[in-house]
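Make a model of the complete structure from these sequences and hints.
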Amino acid sequence: MKKILTVVGTRPNLIKITQFHKQAKAFGFEHKLVHTGQHFDHNMNDIFFQELNLPLPDFSMDVDKTSTITQIAGIMIELEKVCQSYKPDIILVVGDVNSTFAAAFVANKLAIKCAHIESGLRSFDKEMPEENNRILTDDIANYFFITEKSGLEHLLKEGKEKESLFMVGNTMIDTLVAFDAEIDKSSILKTLKLESQKYVLITMHRPSNVDIKEGLDKILNLIAELDGKFDVVFPIHPRTKNNFVKFGLEEKLNSLTNLKLIGPAGYLDFQKLIKEAKLVLTDSGGVQEETTFRKVPCLTLRLNTERPSTVEVGSNTLMHFDNEAILNQIDTIINGTYKKGQIPELWDGKSTERIFEVLSKIV
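Each residue of the sequence shown is one higher than the one before, counting from 114 in the numbering used here.
Some hints could be false.
To be verified - Result set (DSSO-like, lysine-lysine): computed pairs, CA atoms no more than 30 Å apart in a straight line:
1. K275 - K306
2. K270 - K222
3. K145 - K463
4. K453 - K303
5. K239 - K359
6. K138 - K298
7. K115 - K239
8. K298 - K452
9. K270 - K306
10. K326 - K239
11. K452 - K342
12. K273 - K474
13. K373 - K453
14. K365 - K354
15. K474 - K463
16. K275 - K200
17. K391 - K331
18. K298 - K273
19. K303 - K273
20. K270 - K226
21. K452 - K306
22. K178 - K222
23. K262 - K474
24. K275 - K303
25. K303 - K239
26. K391 - K342
27. K311 - K365
28. K365 - K331
29. K298 - K408
30. K239 - K262
31. K178 - K226
32. K145 - K270
Keep in mind the hints are simulated off the structure, nothing from the lab.
As structure tokens, then:
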């Protein structure tokens with residue numbers, strides 16, 4: 114029996130691999146999961162494993178997180194030990210986090226075949242750590258599982274052999290499809306006293322938006338402008354909340370009567386909030402994809418996106434963080450003139466099956 118080793122390091126990685134064990138079994142593979150611990154919060158990770166019916170990792174790491182360098186080095190050292198003992202036939206790496214590149218590098222040095230899931234995405238912004246991880250991973254991977262047309266185009270321009278490129282769609286959507294009934298059962302709207310289509314969901318985590326006073330001020334002013342039109346739900350990271358205190362904005366934050374501030378939400382609750390929102394304001398990559406699948410209007414407050422299909426085909430619009438322009442765009446959503454998004458090709462809940470069908474031929 115051929116052995117597949119999948120490496121994840123963050124919660125978004127977990128969302129992309131929920132159907133891997135099932136499909137590995139269906140295609141006759143032995144499948145083991147490594148969690149590098151790159152982002153590890155015991156409560157949130159436990160919730161994700163429980164909600165998504167994921168088996169606990171076969172290999173878990175507790176690496177030094179003092180700095181990015183020590184973290185990546187620690188992952189490489191520990192993963193080398195795993196590979197030497199388990200001897201996988203291929204390593205699957207997911208997404209664009211530090212764990213992704215670290216695992217691809219180990220595979221390369223140990224002469225183990227490596228397949229990159231979600232390959233070829235490019236923002237062309239080298240200031241984003243994720244962009245560098247994507248490029249470096251694709252430089253040394255052997256096989257490429259691609260979510261959208263732009264990924265295929267980029268990889269071909271970079272000289273990758275056509276025989277190594279596989280358009281399979283988006284495994285994150287597989288999870289949405291598989292858990293749609295459970296998402297519908299979430300009671301988060303009742304808990305927060307929200308009505309469907311009468312609130313805005315906002316998620317912000319990029320340093321340019323939440324690590325400087327100017328960015329936080331823009332967020333607060335935008336929420337205040339929506340008062341009287343919508344409630345605003347903001348699942349806020351503790352670091353972001355601490356920044357409001359750090360920059361003397363806590364009083365203004367707490368004075369916003371239309372704001373419902375909550376902690377990081379579990380997967381099912383968060384997806385319910387997306388599904389029933391009038392619109393979503395975000396700077397996240399994954400949320401662009403999830404809103405596109407739901408055909409929920411999404412305004413991504415960034416200068417670029419590595420997921421252009423969400424803009425070209427889907428319900429996403431890329432915008433500068435300019436409150437007047439954002440409010441004008443929100444008016445088009447309210448009056449019904451905002452674009453009608455479509456779901457990109459192969460975002461149908463069967464991407465994981467396509468991946469393992471390919472693996473059955475190349476491993």
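Results for each hint:
Restraint check for K275 and K306: not satisfied, since their Cα atoms lie roughly 52 Å apart, outside the 30 Å limit. Between K270 and K222 the alpha-carbon distance is near 25 Å, which keeps this suggested pair within the 30 Å criterion. Of the pairs offered as hints, the one joining K145 and K463 holds, with about 21 Å between alpha carbons and a cut-off of 30 Å not exceeded. At roughly 28 Å between alpha-carbon atoms, K453 and K303 fall within 30 Å of each other, so this suggested pair holds.
Restraint check for K239 and K359: satisfied, since their Cα atoms lie roughly 28 Å apart, inside the 30 Å limit. Annotation: proposed proximity of K138 to K298 holds, straight-line Cα distance about 29 Å (limit 30 Å). For the proposed pair K115 and K239, the alpha carbon gap of about 37 Å is over 30 Å, so the pair is violated. For the given pair, K298 sits about 29 Å from K452 by alpha-carbon distance, which is consistent with the 30 Å threshold.
Taking the CA atoms of K270 and K306, the gap is near 50 Å; set against the 30 Å cutoff, the hint is violated. Annotation: proposed proximity of K326 to K239 holds, straight-line Cα distance about 23 Å (limit 30 Å). Under the criterion of a C-alpha separation no larger than 30 Å, the hint pairing K452 with K342 is consistent with the structure, at around 20 Å. At roughly 19 Å between alpha-carbon atoms, K273 and K474 fall within 30 Å of each other, so this suggested pair holds.
Simply put, K373 and K453 have alpha-carbon atoms about 28 Å apart, close enough for the 30 Å limit, and the pair holds. With a C-alpha separation of about 12 Å, the suggested pairing of K365 with K354 holds against the 30 Å cut-off. For the hint pairing K474 with K463, the CA-to-CA distance comes to about 17 Å; that is within 30 Å, so the pair holds. With a C-alpha separation of about 28 Å, the suggested pairing of K275 with K200 holds against the 30 Å cut-off.
For the hint pairing K391 with K331, the CA-to-CA distance comes to about 21 Å; that is within 30 Å, so the pair holds. Proposed proximity of K298 and K273 is contradicted: the alpha carbons are some 44 Å apart, above 30 Å. Taken as a hint, the K303 and K273 pair is broken in the structure, with Cα atoms around 50 Å apart against an allowance of 30 Å. Restraint check for K270 and K226: satisfied, since their Cα atoms lie roughly 22 Å apart, inside the 30 Å limit.
This hinted pair checks out: K452 and K306 have alpha carbons roughly 29 Å apart, not beyond 30 Å. For the given pair, K178 sits about 23 Å from K222 by alpha-carbon distance, which is consistent with the 30 Å threshold. Distance restraint check for K262 and K474: the Cα-Cα separation of roughly 23 Å lies within the 30 Å cut-off, and the hinted pair is therefore satisfied. Pair hint K275 plus K303 does not hold up; C-alpha atoms about 50 Å apart against a cutoff of 30 Å.
Only pairs whose Cα atoms come within 30 Å are accepted, and K303 paired with K239 is rejected, the gap being roughly 42 Å. Using a Cα cut-off of 30 Å, the hinted pair K391 and K342 holds, with the two alpha carbons roughly 11 Å apart. Only pairs whose Cα atoms come within 30 Å are accepted, and K311 paired with K365 is accepted, the gap being roughly 23 Å. Between K365 and K331, the direct Cα distance comes to roughly 12 Å. Compliance with the 30 Å bound is thereby established for this hinted pair.
The suggested pairing of K298 with K408 holds, with an alpha-carbon distance near 20 Å, which does not exceed 30 Å. At roughly 21 Å between alpha-carbon atoms, K239 and K262 fall within 30 Å of each other, so this suggested pair holds. With a C-alpha separation of about 27 Å, the suggested pairing of K178 with K226 holds against the 30 Å cut-off. Distance restraint check for K145 and K270: the Cα-Cα separation of roughly 33 Å exceeds the 30 Å cut-off, and the hinted pair is therefore not satisfied.
Of the numbered hints listed earlier, those contradicted by the structure are 1, 7, 9, 18, 19, 24, 25 and 32.
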